[in-house]
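K.L.:
Please put together the full structure from these sequences, using the hints given.
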Amino acid sequence: MKLRSCLIIIGICWLALSPAVHAVRLAPTLQSTEGMVTAAHPLAATAGAEILEKGGNAVDAAIAVSLALGVVEPYASGLGGEGYMVAVMQDGRELAIDFRSTAPALATYDNLEKAGKLRDVRYTPKGYCVAGVPAGIGKALELASLPLQDLAAPAIRLAEQGFEINDTFSSVNMDRWEILFKNAPEFLNDGMPWTAGETFRNPALARTLKVMAKKGVAAYYHGELADNLDRFMRENDGWARKSDLQNYRALAKTPIKGTYRGYELYVPGSPVGGPRVLATLNILEHFNLAIMNWADPLAIHIMQEAMILTSLDQRRWLGDPETNGYIPEKGYISKDYARQRMMQIDLSRASDPETWHTERVGDPGPYENGESYVDVMLETRRKAVIEGTTQDAPPSTTHFSVVDKAGNAVAWTQTISSFFGTGNMVDGYFLNNELGNFKGVPVEGSPINLEPGRRPRTTIAPLVVKQDGKVRWVLGSPGAGRIGSTVIEILVNLIDFDMNLELAIRTPKFTGYDAYREIQLEDDFPQKTVDLLEQLGHKVKRYDHPDLYFGGPNAIAIKDGVMTGVGSIRRNGGAAAPEKQARK
Amino acid sequence: MKNQIFRMILSIALLSIFSGTALAADVVLTPFGQSPDAMMVRVVLKKLGIDGRLEKLLQADELQDEKVLITVVAGSSKGLGEAGIDKDAEIERMKTLAAAAGAKGMKVLVMHIGGKGRRGTLTDVFIVESVPMADALIVVEGGDYDGLFTGLVEGKELQMLIAPSVRGTSEPLQQVLTEWGVLQ
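Protein sequence lines, in the order shown, are assigned to chains P and U. Heads up: the first sequence begins at 533 in the working numbering, then just goes up one per residue. Heads up: the second sequence begins at 228 in the working numbering, then just goes up one per residue.
None of these hints come from the bench; they were simulated from the model. Each hint should be verified, as a subset may be incorrect.
In silico DSBU-like links for lysine-lysine, alpha-carbon gap of 30 Å or less [unchecked claim]: (1) K274(U) to K714(P); (2) K274(U) to K1071(P); (3) K283(U) to K649(P); (4) K283(U) to K714(P); (5) K714(P) to K331(U); (6) K331(U) to K646(P); (7) K314(U) to K331(U); (8) K1060(P) to K331(U); (9) K305(U) to K1071(P); (10) K274(U) to K971(P); (11) K1073(P) to K274(U); (12) K649(P) to K305(U).
Stretches of chain P that chain U covers, calculated by requiring three or more beta carbons in the stretch to come under 8 Å of a beta carbon on chain U [stated by the list, open to error]: (13) 705-715; (14) 1058-1064.
Cβ-Cβ distance ranges computed for the label pairs, FRET-style [said to hold, decoys possible]: (15) A287(U) to S775(P): 56 to 62 Å; (16) T731(P) to E282(U): 32 to 38 Å; (17) A287(U) to E767(P): 32 to 38 Å.
Keep in mind the model is a prediction, meaning the values are calculated, not measured. Glycine residues also receive a C-beta, built at the ideal position from the N, C-alpha and C atoms.
P.N.:
Listed below in structure tokens is the structure:
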């Protein structure tokens, strides 16, 4: 009898203590009414769904996913990185958290000149900007319902117990092996890259996460983790100091709202890519794309030209509003400015890249106070010129989306800039190399001149879309210079071409960005489409389809209470949902 | 003094005989597709005691008295761009190089170490071109997930060895290089 009682008690205890990972469902595409998480790694999506299953809200789950991604995708994001999140809550709260990194006090042009050029410090500790992920999590905790210890538990488990390396991890590790061999040999597998199928553990990161879980995110900026980073920087000739960490703040902001064909979009503002998504859609609204299709060369031509115009303006005018006196963001996203810009598109031929940075840069300034395009165009036209070279950001970063049962939605993008950032590892996480997103030499009037405390500009654009007041889609993507085009094309696929979410993501993507002088596109566009694009004057460069280069969107659609999650097909992503009622 | 020099020479000779190492000049490496993978193979070789010469754009007239040419196949648009060549020029370089190596009596070892993640349209073009050049083939698991390599070696007297990982290529490398007299 005693033995039986003992066995029953042991059984109950086992059930109670067994990892909650068994309580969620996982698939590349999944449907549920109980909540949904999509992320670039199935284990990170599972971590989020596990928190939803425990009763956490979308923000709780998002924090768990953020931390878990730092473990299973250490090359794309982590505690040493930064990002931006947008949350749209059912109670009416709308919040954007800017946890972009900031340049350290020693990161000045004088010091840069002594160190060489910006590209010379890119893969050294000098390339690091003060990380914002821990502070972003700290700010997000204000909307959360569970303690950080609970939310960090899945990440700690993954770091301690290990997980199987997938093809993306292996491939990225091989690509960056040379830098890692030099900067972080301790990360490698006996000096060699990790291969798919092998088990990776990160006990150092597990320890770091435990410190944060116990002492709060302040440990990163004020406590022992800050001391460790400070020591590493001093010993390795880096620029960041503990004082930079102590001065860092994540910023709570209101998301920028825009509309496209009746849908409401909530995006983050400058210095990231949200405004560009809105500005591009404002231009596209003037074209009847719905009578075309995804492979129509005219649709591609119009979108390409619109995206070039908005990227030129973004590069010239937008930057960190906290450290720049003049950022004409309202003008840039005004519908009237879009009318003026759409007149720049010649439907019969491609614009000449030689003229992009001189003749085709617009001036959104006159639209800052809601002026009409007629009034502005009757005034003297002003032209702006972009000086300096264009930057081609790396294809790293990661995006995830979460919706809980109550309908709270979170779109969250985080990054360490290049894959593996600087390639330097401290306390089990990699240091970002965001410094490369500043101008290498000061350019008068540029909003991205290097300045201590300034946040560099990047392309990330997590967003939430509402229809008739209800959340309809949550999405975003990694992919550097391709983020804007990939997000815009998905929205056009969904809204104009009436595709479902999976198809909208899967359909071949193309770039529209001023850093690329050609249209880069995934194969599987019909040959006739490519032929006509070339005839219009576009130079075409082809990639495999699907190719990670074009990003890895992780998105959720909600219709009639059913949530459909689609994990990134270009990056082995996954969708996970609480077990109750989840169905493939 | 003469005695000292003699002892030194003898020590070096004995060391190279009994340690089973090869002379640096025995192996030369070059990428086929300009990915950085050849550098990893060089590290594996070092662990086997072989200090192979690595030349990213090795030309036929730069072959010395090596016994083995190792070419590590994987296409990298970035690498090709940095090298200032295109796909066709890279194929032509390797064809000329492999022919010259054959004429000198060298063995050609083709390696694909990136698994499934290092497959794609560009890499596959190089793979198809590389296999006919090979005297032996080492492929890391996953690289032949769709049977591309298996199909290419079918009907040929060509040894294809599968390694579990990049790190795990040391065993088949040791086997092949021992058979070819580079390692003892």
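K.L.:
Hint by hint, say whether it matches the structure.
P.N.:
Verification of the hints:
For a cut-off of 30 Å, the pair hint linking K274(U) to K714(P) stands: about 17 Å separates their Cα positions. Among the hinted pairs, K274(U) with K1071(P) is inconsistent with the structure: their alpha-carbon atoms are about 46 Å apart, more than 30 Å. Between K283(U) and K649(P) the alpha-carbon distance is near 26 Å, which keeps this suggested pair within the 30 Å criterion. At most 30 Å may separate the alpha-carbon atoms for a hinted pair to count; K283(U) and K714(P) meet this at roughly 19 Å.
Taken as a hint, the K714(P) and K331(U) pair is broken in the structure, with Cα atoms around 36 Å apart against an allowance of 30 Å. Note on K331(U) and K646(P): the hinted pairing is violated, with a Cα-Cα distance of about 50 Å set against a maximum of 30 Å. Proposed proximity of K314(U) and K331(U) is supported: the alpha carbons are some 26 Å apart, at most 30 Å. Between K1060(P) and K331(U) the CA atoms are separated by roughly 48 Å; this puts the pair beyond 30 Å, and the hint is violated.
Simply put, K305(U) and K1071(P) have alpha-carbon atoms about 18 Å apart, close enough for the 30 Å limit, and the pair holds. Between K274(U) and K971(P) the CA atoms are separated by roughly 42 Å; this puts the pair beyond 30 Å, and the hint is violated. For the suggested pair K1073(P) and K274(U), the alpha carbons sit about 41 Å apart, so the restraint of at most 30 Å is broken. Proximity of K649(P) to K305(U) is assessed by CA-CA distance (about 21 Å); at most 30 Å being required, the pair is judged to hold.
Residues of the region 705-715 of chain P with a Cβ under 8 Å from some Cβ of chain U number 5, which satisfies the need for three, so the listed coverage holds. Only residues whose beta carbon comes within less than 8 Å of a beta carbon in chain U count, and the region 1058-1064 of chain P has 0; fewer than three means the coverage is violated. For A287(U) paired with S775(P), a C-beta distance near 58 Å keeps the hint of 56 to 62 Å intact. Our hint of 32 to 38 Å for T731(P) and E282(U) holds, since their Cβ atoms are close to 36 Å apart.
Between A287(U) and E767(P) the C-beta distance comes to about 47 Å, which lies outside the given range of 32 to 38 Å.
Of the hints listed earlier, those the structure fails to meet are numbers 2, 5, 6, 8, 10, 11, 14, 17, in rising order.
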